[in-house]
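Sequences and hints are given; from them, build the entire structure.
Residue numbering for the sequence shown follows this note's numbering, starting at 1 and increasing by one per position.
Bear in mind the hints are in silico, worked out from the structure with no lab data behind them.
A portion of the hints provided could be inaccurate.
Said to hold, decoys possible - In silico DSSO-like pairs for lysine-lysine, Cα to Cα no more than 30 Å straight-line: (1) Lys114 - Lys171; (2) Lys216 - Lys333; (3) Lys352 - Lys333; (4) Lys352 - Lys20; (5) Lys114 - Lys352; (6) Lys171 - Lys218; (7) Lys16 - Lys375; (8) Lys20 - Lys171.
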Amino acid sequence: MWIVREIAGSVQTLAKIKRKVRLAAGLNSQNELSEEAMQRGWDCLSLFAERLQDIPADNIRIVGTAALRTAVNSDAFLSKAREILGHSVEIIPGEEEARIISQGVAHTSGGCGKRLVVDIGGASTEVIIGEGFDTSALTSLKIGCVTWLERYFKDRCLTEENFNAAINAAKSAIEPIIEDYLKLGWETCVGASGTVQALQEIMLAQGMDEIITLQKLKRMQRQAMQYERLEDLDIEGLTLERALVFPSGLSILIAIFESLGIESMTLAGGALREGMVYEMMTQMRHNDVRERTLMSLQSRFLLDSQHADNVAQTALSLLDSCDQSWQLEPQAKYLLHASASLHEIGTTIEFKKSGEHAAYLIQNSDLPGYTRAQKHLIAELLRRFREQLTSLPEQHALSAHSATRLLRLLRLAVILCHRRDHNHQPSFAITADDNTLTLSLSTSWLNANPLTKAELQQEATRQTDMGWPLIIAETD
1 MWIVREIAGS
11 VQTLAKIKRK
21 VRLAAGLNSQ
31 NELSEEAMQR
41 GWDCLSLFAE
51 RLQDIPADNI
61 RIVGTAALRT
71 AVNSDAFLSK
81 AREILGHSVE
91 IIPGEEEARI
101 ISQGVAHTSG
111 GCGKRLVVDI
121 GGASTEVIIG
131 EGFDTSALTS
141 LKIGCVTWLE
151 RYFKDRCLTE
161 ENFNAAINAA
171 KSAIEPIIED
181 YLKLGWETCV
191 GASGTVQALQ
201 EIMLAQGMDE
211 IITLQKLKRM
221 QRQAMQYERL
231 EDLDIEGLTL
241 ERALVFPSGL
251 SILIAIFESL
261 GIESMTLAGG
271 ALREGMVYEM
281 MTQMRHNDVR
291 ERTLMSLQSR
301 FLLDSQHADN
311 VAQTALSLLD
321 SCDQSWQLEP
331 QAKYLLHASA
341 SLHEIGTTIE
351 FKKSGEHAAY
361 LIQNSDLPGY
371 TRAQKHLIAE
381 LLRRFREQLT
391 SLPEQHALSA
401 HSATRLLRLL
411 RLAVILCHRR
421 DHNHQPSFAI
431 TADDNTLTLS
441 LSTSWLNANP
451 LTKAELQQEA
461 TRQTDMGWPL
471 IIAETD
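This is how it looks when you write it as structure tokens:
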């Protein structure tokens, strides 16, 4: 259960309550839900019912997915569920579930172009191709981490035989859609499931970046195969809560990667719940999710958006002049833009340690459109946006060289805009020769603005002392 409110153009979570019910584990060979499984569901709903009493009925939406779609005796479950909740549970078709998941991803994940979305649930897996808020392919496959657990790992043993059987069975389920999906194609791939989230947590805990590849999935499979039973799984970064269904979810994801030839996948910012919420808030639709996030934060923290935009445009102008020489990753541009747009967020708490406050706020805020690693890099850039300069810690959003270069340009942009008026900004030119930056400004402007001149010279000393040569050149 997710309780939210809309504030300053963003969704603010007021409560998130989660219980592991795993209804699908209660389905027998005739697709009948066991009394025990239904009771687990009713017990859970009895807890949730308390929080629904004070919420207007029009603001509540309750849905059931694959397990209830499959169960032949779902009416018995739904009848009692309505008594408990005081509201009906809507069983949504598989394609509708896929569509809502697609909306949740579109509202919370950045990027442009066609996107392949994979959501591995307990009893179904949704595979979607879409662009922005529109979809071109929606499929709900009858494979899930709970049903695969009960079918291929029922004895709770991990063997090469049952792992391969789970992978091959998932491939058979995927086979009918392969040709159509490959024909449509996609630019990026995101995973919106607990399996993908668990994998990312494992990889980060083990010092890897957040990009999921088939090679890393196979590495996870080898780690799991070191244990004979599911209950014994002790993989660094894997939580006990997720351990039981991890191998079954992993087998499905391996099958999807191999069947569709996926090169890489990142974790989506949202899925079914987010899609439901955003559809209830029609005013929240926005084509550029990252821009909506920045505007929301600027509004919530009462930032000077005009000055922030000026710093951002100055930083991007510096980047455009250097990028031909530096050839930074494509995502560097929007990460620099985000950092510049939010650089004063820490001053809303206190000026002296504004960098530390900014890093804390960014690290602990929801940033739809940005991955966890990108959020971490933005926080570390803002920790160092002025005065004291230190090296960036290890991060996985950009290469170390690229991240350092963004920090250098952000600091220069903040100094160049310190008069907080675009009309008083100098004309400048900047060149990059490997790691050496040369910033050229007119002698007359520098003499007329001695404070900025002193700050730029001090910044040149700081960056050069760090091994990042910066030259402030005067021109006629």
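Hint by hint, here is what the structure shows:
no. : hint            : verdict
1   : Lys114 - Lys171 : holds, 23 Å
2   : Lys216 - Lys333 : holds, 28 Å
3   : Lys352 - Lys333 : holds, 28 Å
4   : Lys352 - Lys20  : violated, 45 Å
5   : Lys114 - Lys352 : violated, 44 Å
6   : Lys171 - Lys218 : holds, 16 Å
7   : Lys16 - Lys375  : holds, 22 Å
8   : Lys20 - Lys171  : holds, 27 Å
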